[in-house]
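Number of protein chains: 4
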Amino acid sequence: MTLDIGVIGVGMIGREHIARLANTLVGARVVALADVDARQAEAVAAGLPGASVYPDGEALIAAPEVQAVVVTSWGPTHATYVLAAIAAGKPVFCEKPLAATAEACLSIVEAEIASGKHLVQVGFQRRYDKGYRALKAAIDGGVIGAPLMIHCAHRNPAVPEAYVSDMAIVDTFIHEIDVLRWLIGDDYVSAQVLKPRNTRHTHAKLDDPIIVLLATKNGVRIDGEVFVNCRYGYDIRCEVVGEEGCATLPEPESVVLRKDAKLSTAIMQDWKLRFLESYDVELQDWIEAAKSGRVDGPNAWDGYFAAVTADACLKAMHSGEVVEIVTPPRPAFYD
Amino acid sequence: MTLDIGVIGVGMIGREHIARLANTLVGARVVALADVDARQAEAVAAGLPGASVYPDGEALIAAPEVQAVVVTSWGPTHATYVLAAIAAGKPVFCEKPLAATAEACLSIVEAEIASGKHLVQVGFQRRYDKGYRALKAAIDGGVIGAPLMIHCAHRNPAVPEAYVSDMAIVDTFIHEIDVLRWLIGDDYVSAQVLKPRNTRHTHAKLDDPIIVLLATKNGVRIDGEVFVNCRYGYDIRCEVVGEEGCATLPEPESVVLRKDAKLSTAIMQDWKLRFLESYDVELQDWIEAAKSGRVDGPNAWDGYFAAVTADACLKAMHSGEVVEIVTPPRPAFYD
Amino acid sequence: MTLDIGVIGVGMIGREHIARLANTLVGARVVALADVDARQAEAVAAGLPGASVYPDGEALIAAPEVQAVVVTSWGPTHATYVLAAIAAGKPVFCEKPLAATAEACLSIVEAEIASGKHLVQVGFQRRYDKGYRALKAAIDGGVIGAPLMIHCAHRNPAVPEAYVSDMAIVDTFIHEIDVLRWLIGDDYVSAQVLKPRNTRHTHAKLDDPIIVLLATKNGVRIDGEVFVNCRYGYDIRCEVVGEEGCATLPEPESVVLRKDAKLSTAIMQDWKLRFLESYDVELQDWIEAAKSGRVDGPNAWDGYFAAVTADACLKAMHSGEVVEIVTPPRPAFYD
Amino acid sequence: MTLDIGVIGVGMIGREHIARLANTLVGARVVALADVDARQAEAVAAGLPGASVYPDGEALIAAPEVQAVVVTSWGPTHATYVLAAIAAGKPVFCEKPLAATAEACLSIVEAEIASGKHLVQVGFQRRYDKGYRALKAAIDGGVIGAPLMIHCAHRNPAVPEAYVSDMAIVDTFIHEIDVLRWLIGDDYVSAQVLKPRNTRHTHAKLDDPIIVLLATKNGVRIDGEVFVNCRYGYDIRCEVVGEEGCATLPEPESVVLRKDAKLSTAIMQDWKLRFLESYDVELQDWIEAAKSGRVDGPNAWDGYFAAVTADACLKAMHSGEVVEIVTPPRPAFYD
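Chains as they are written, first to last, in the UniProt record's numbering: chain A, 1 to 335; chain B, 1 to 335; chain C, 1 to 335; chain D, 1 to 335.
In short, the hints are calculated from the structure, not lab data. Hints may contain errors.
Each pair may be met inside one copy or between any two copies, as identical chains are not told apart.
Stated by the list, open to error - Using 25 Å as the maximum straight-line C-alpha spacing, the simulated DSS-like pairs for lysine-lysine come out as follows: (1) K262 / K117; (2) K195 / K315; (3) K272 / K130; (4) K195 / K117; (5) K315 / K90.
Please read all numbers here as calculations on a predicted model, not as lab measurements.
Pulled out of the complex, with its shape left as it was, chain A reads as follows:
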């Protein structure tokens, strides 16, 4: 059975997912497109035999030929399309963020529960990265005992002027927020943000680096460095310290060189390459699950929890205070 997919939003990430579905993944095809820029949608459709262009996302979702929906439009529009897909009873894969506010995320959660069907997956691709999966397998396998602390860092060589302080949380650290919670099967209860002196390579509107401190329900303490003008490369690090040992995220495979007085491996410069394979795995996994009426990846509740946590981190960053992270209890629907 082939899953017939409609894609809303044909910007960069949308086109990447379309190419993935067309050329790399199996069991699905793109049959429908919509974009706020209709000409752009037409241009993409021209390269996709059998794909129709719809005037808007709602029309695409409503189309009988569309069995499942991928939302890759502008962030503020996500919630509308996700809610429409739920209303139509169709599986929907929505790129992060699930919605522009935690409240809107919660509405999605409520709508999904009301629908009685598991329909919504959020695009947190790190859960599909081979390295993080191996790390989770070690933790779940009891290799290091109960987790006590996580030390992690999210470093990027440089960001443009348009990247301002809040983005360190909502665009960058948001990946740690989702993946760490999944890694240790725990929820956050408070956030604090430390501000070291700024690097000389930052911009006027960006505090860089910062350190985010999270505490979890089980008492795990996390320190997460976000440093987006670190110069030397795109570097994602994560060490989980447990009662019996520590496990660290693998470095990406790299040829070992002995040259020019150095024994070295390469550090990537381009974040897109770092998790490239995980996007394929993520979307292939979603296709299989969607066909079976399941959501195996990050669900609407995860999207909501990430939003609440990000809000708390922002508040902590602006206030310098420890901020509590409060949500209703997780609905049994998501157990």
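Assemble the complex: chain A is given as a structure, and chains B, C and D must be docked to it using the hints.
Coordinates of chains B, C and D only, in the frame set by chain A:
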């Protein structure tokens, strides 16, 4: 366009390739099967909608619905099927060995040249491994200058009694024979084999370990350890020493553990897992190339050259002498 | 010229320093001993040709034959002996702590300044570790640019019941307090302590692990994990993140093993072995400096600053609050 | 007890040993000097209180005040002084080579046996390197089972024109010859030398790199690369492959840097720094042993065996043949 493939031989490797073509790769489907054990072929066909079973490989090759052929039958039958595919003008992917003897390989080379079409690919999957590709990219990019030496090792935790000394060359070191030649773009001119004392874990009919010494046309010297009862794991190592530096094959990605007084990463035990992804890349690459009438992977000449080299290594192993590796010049057809 | 040394306190660390001075180091000899347990002092003297036993530390310090003093007695007695050595105008090497309270340390600082001579060195041996020295050389050499953050950990396999929470600061983290300040040439301005859930391997009176957060005058942020029942080994880690790159303390040299499905190096179990060589370097360096009337190692001000910082960390640990670290400005005497 | 030492030869290595004995080591002092250039000896003596200059090595050896002798003169003169020291019944530490020919080494062996006293140590300092010692401890401790193969490399960034092919054996690989034999407690029985193409960075009179193949009495096979214009650094590598696992010489401790798109450690450029500490350990160890009438380090038989092996390697290099390594059985005196 979908490539309609017939598979000859549904043993373990045959079934793995069929599963790959059915579930993981894109642009191809298995439409025909043949096996010396017809019931086995029927059983596999039962799980493959639209696949027919043919009484023998020749009939499968001749079937109009078959556009390309995968040969995964018993080694001694390979040449017959490959020659039949050439005669039928159909692309053929043949698992190693291309043929049982170097002479038979050469007949295939001659038949392919006579056909005027590039049709034959041999299943040396290491050329598709991410690590070897990165290593070749470093060499081709001039990072280490002109290669002078290669130090490598092919280690396996243990082999059964049925594995005898010659298999260290024809089943094990054959992978190094192909991949090293490709890595440095060079041909071998002589072979010598050293026999260290045997490990106490070997069997009566197996000299283990051995060290194969190869010299190339450009004067590169290779020492290749083959140690198939090394106990500790499946471990493939390769260091290329060049005029400006050295480059080493990456270790497979692994979680770093600090536990029980050790800082460690895992070493695989199962050879099948080590190059698992490379089989997918190999076959996907072949599908694309076959559709375009190209052979981008190891071709018939490569299969022939590997056979001649393996013969020389065997002779060197049995005699203790340095054995010359002699072939006709490479036909322009393969430039 | 040989430096004639008197040692006050012949417990474990005292006897180690005596053995060092007698057998390994050059340019000094132990001529005088004192200990609260006179028989113990006699016993040690019996193995030291030419060494006399004095009834108490004061008598030893006053003895004309004693040119320099090593204080390795019980912590609460340190200040008295150090002050006596200053009064006698003799160089004194005092094991940590310099004194039992920050106030007592400050009295020593004032006495030393009043004496007009540089006489006091405190036994913070990590500054003499080859690894830390290489790390400092990289920082001072501008390799990583201006420091912004330090991530570090001090892990020990296990501690006895007698080790209670405050000791995590005053006996364990005290080493980081001194060495990090020296590493980046900066002073601390505040401390905060986080308490993750306790490991199941801790005791009733010990919060383990903890995370100490320090901020410096220059805005560097430090997170230091102290985990003294980590099971897996004695492991000291330190990463300094700068504006142009990161530098990490080297792992101690270790044979690399490939065995039992693991690629591993050993992690030490015994903290005494980790910095063993640095004690030799430290004391040899002190001998040379003492002969020249200099103090090149951690001085009285450093001992005072460490004491003030430790007090702030303790207060932070007990209160859960951010605690300021306040000292008078550093006297010009110590520039 | 202080050992009163006479040093013959005050060239670079002589002066280094003198400085070591004067400033770093304990239990010995330099009381006598001799050099073919008397003014040079006088100049060195000027900085050594209490040291006398003797007109020649023989006079120095005969002087009653000299209890032990260090020979650091020009290689061809070594045998004469060592024999004189034996005749005088005085312990002698002789820098490599023990003598200019294997025959002369054998005469020394015979003279020492005839004297009935263990007097001669040869300056192969690698046995005192911390890394090699850890490697030997792992082997001797049975960690990797019985050794089967050794893969090693001796690389140097560059050599001057004066360094010709034979020096790759007698000055460079000679260190591997001694240390590997000690490492696995085995003797060599044959040598072969392979010549890869020359690096473009070599000189007219130097084949560089070469690969030396050694076989031992127990059937261990060794491949040793010698590459003295490798450009990238001074790099000593050694992997011992045993029946149960492999053990590798540690890399020297180095700060780990993340900078400029590389994760790197430094590779030394200067060979003198690589084994710097081992010279101290070696000479200190010799002092202790000499006082007790023992030789714990490389003895005259080891010096002889190294000379015979080097001769065989040279013959193998010049002839391209496998050359047997033949010595009389080891005298019981050296058991």
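**Report entry** Broken hints, by number
**Finding:** 1, 4, 5
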